[in-house]
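> Chains E and X, in that order, are what the protein sequence lines are. Residue numbering for the first sequence follows numbering that gives the first Met the number 0, beginning at 0 and increasing consecutively. Residue numbering for the second sequence follows numbering that gives the first Met the number 0, beginning at 0 and increasing consecutively.
Read the hints as simulated data drawn from the structure, not as lab findings. Note that the structure is predicted; figures quoted are calculated from it, not measured. Treat the hints with care, since some could be wrong.
Stated by the list, open to error - In the EDC-like style, the derived pairs of lysine to aspartate or glutamate whose C-alpha atoms are separated by at most 20 angstroms in a straight line are:
1. X:Lys68 <-> E:Glu287
2. X:Lys152 <-> E:Asp286
3. X:Lys152 <-> E:Glu287
4. E:Lys133 <-> X:Glu33
5. X:Lys152 <-> E:Glu26
6. X:Lys109 <-> E:Glu23
7. X:Lys68 <-> E:Glu26
Next come the chains, spelled out residue by residue.
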Amino acid sequence: MSKARFGIYGGQFVPETLMNALIELEETYNRYKEDPGFVNELNDLLNNYAGRPSLLYYAEKMTKDLGGAKIYLKREDLNHTGSHKLNNVLGQVLLAKKMGKSRVIAETGAGQHGVATATVAALMDMECEIFMGKEDTERQALNVFRMELLGAKVHAVTSGTQTLKDAVNETLREWTRRIADTHYVLGSVVGPHPFPTIVRDFQSVIGKEVKKQILEKEGRLPDVVMACVGGGSNAMGIFYDFIENKEVRLIGCEAAGHGIDTDKHAASMTKGTVGIFHGMKSYFCQDEYGQIAPVYSISAGLDYPGVGPEHSYLKDIKRAEYVPVTDDEAVEAFEYLAKVEGIIPAIESAHAVAYARKLAPTMDKDKIIVICLSGRGDKDVAAIARYKGVNIYE
Amino acid sequence: MSNIENVFKKGKAFITYITAGDPSMETTIKLVIEMAKAGADVIELGIPFSDPVAEGPVIEEAHARALSKGITTDQIFDGIKEIRKNSDVPIVIMTYANPIFTYGTERFMKRCQEVDVSAVIVPDIPFEEKEELLPFCQEYNITMISMIAPTSKERIRMIAQEAEGFIYCVSSLGVTGVRKSIGNEAEEMIKLVKEVKEIPCAIGFGLSTPQQAAQMAKIADGIIVGSAIVQMIAEYGENSVPYVYEYVKEMKKALMCSF
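Pulled out of the complex, with its shape left as it was, chain E reads as follows (with noise of 0.2 angstroms):
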């Protein structure tokens, strides 16, 4: 059995051309990641370049609104460059220098990663490209010119469904292709090992922040921590310190779609089967002969036919619940939240918001919700537009 197994999860099923670059960067990780210069280093990055800690805001109008449990967002939406993904991608880039690589390759999907990795390699001088769905490339449009106007080159993935999935296959490849310069930034807590560790642990920083920030203004844990789940990297970062404290319960809210009855969803906690794809077991939407279902979401960000394996070890030991959200759900809340409280999240983060609203009246006002509002909407605004049949051009 190989190392760094979340239960039966997780693993390294990758192609052998891959496996020496998996174990370099494990053991650039394992010597870097408690060592002084490099924790100051990227601590410094987060704090002066992306401007954490980031906000734990008590949505107070929410609150009222829906009568119940008190709501706090963490506002990683604040984040420069407009999401949690910016956490992730300091880590990895500078492992990337540490073991002499100058140049970074990544996937996206909604573009949230790519243009915090095309960020980042500006940052700090490094050749990029991102890989993204054809489909990706046509509802996040705006995101394909940001990252290239940060430097990086972006390419259209036209093979398979032309989203997430698909840039991740072509990124893998292409980091078959040209490995010795090359580093992978994957963007979540996906893939082989040690990916889903190194982006968990780099997420961390917002379960961290949340403990500290709820305990100054609460005295107390919350009751419920809660964020979407695609890949689940901003759900694995809020939740992981928060495994130890098991009165608080753990939700992922991941994307139905039309609805978990239909064929057009990416709920593969509540509808997928254990699978191997994409360097790691875990569960998957796929068919009988293990064919990867062709998944689909509003949401380019959670449009993904997996989860990272830690997510599946967390749902089968029971530690953290999974709830599937609509499309139509994620709008009205994507809505809702601009309306009330004056943010508009990301269509990825309100699948989380839609499932607070539904949770928040049925527990005590004495109860505490922390909800992981994991980017901001922005680059939503035109397609929830055509969403709704008004046609806007950005």
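With the hints as your guide, set chain X onto chain E.
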């Protein structure tokens, strides 16, 4: 000794790859039988996967074509059973971890044994993960082929030590697909293997011409050709059998002359 290893005793082995079900299982059956007649020593039969990350565009598109026709793992096993009425050419199944795992690894290997499949090659199961398959391979006497790549370096020793049947040497970086020129990394890789274990080494990835076949046969015990044949199938579809037959014959000849 694995029965696949015996193939290499007769001389340099010519191994051909096609994707099962592209463009139909009927054509696949004919192609296997005819390739064997033309001189192919081993046939690698690909079970298509929705997301074949080790493949270049040519074989990736073959997987997509086969799946779009609705081919399933069960139909492929039935097809191999048909082939066995006419040919006893050694067949190796090449596929990804998920089609095997989801089918049920034990059930998969049992069916392999029933239709006389000699071995499996699974590019996304590296040395570290081989326990996923190996116990079931051993139970049903299916050889699990190991791969080595130019980036394997010191790993080659570890992989070779436990390898069985033959070693699949990936000629160069990247995914499958025809390459104009093949570097000389393979020679060094094979040398390292032979230091550890006397096991046949076959070179794959990028080979397409008789010249390359002859050149690689000087350093290896066999060569593997996939994309060049799959490209012909893409072009001629149901009518590809005679073209593939001629090509295999020509390649085999080049290989024989290389002694």
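> Each hint needs a verdict: does it hold in this structure or not?
Here's how the hints hold up against the structure:
For the suggested pair X:Lys68 and E:Glu287, the alpha carbons sit about 16 angstroms apart, so the restraint of at most 20 angstroms is met. With a C-alpha separation of about 37 angstroms, the suggested pair X:Lys152 and E:Asp286 falls outside the 20 angstroms cut-off, and the hint is violated. Under the criterion of a C-alpha separation no larger than 20 angstroms, the hint pairing X:Lys152 with E:Glu287 is inconsistent with the structure, at around 38 angstroms. The hinted pair formed by E:Lys133 and X:Glu33 fails the criterion: a straight-line CA distance of about 40 angstroms is larger than 20 angstroms.
At roughly 17 angstroms between alpha-carbon atoms, X:Lys152 and E:Glu26 fall within 20 angstroms of each other, so this suggested pair holds. With a C-alpha separation of about 37 angstroms, the suggested pair X:Lys109 and E:Glu23 falls outside the 20 angstroms cut-off, and the hint is violated. The hinted pair formed by X:Lys68 and E:Glu26 fails the criterion: a straight-line CA distance of about 45 angstroms is larger than 20 angstroms.
Consistency note: the structure conflicts with the earlier hints numbered 2, 3, 4, 6 and 7.
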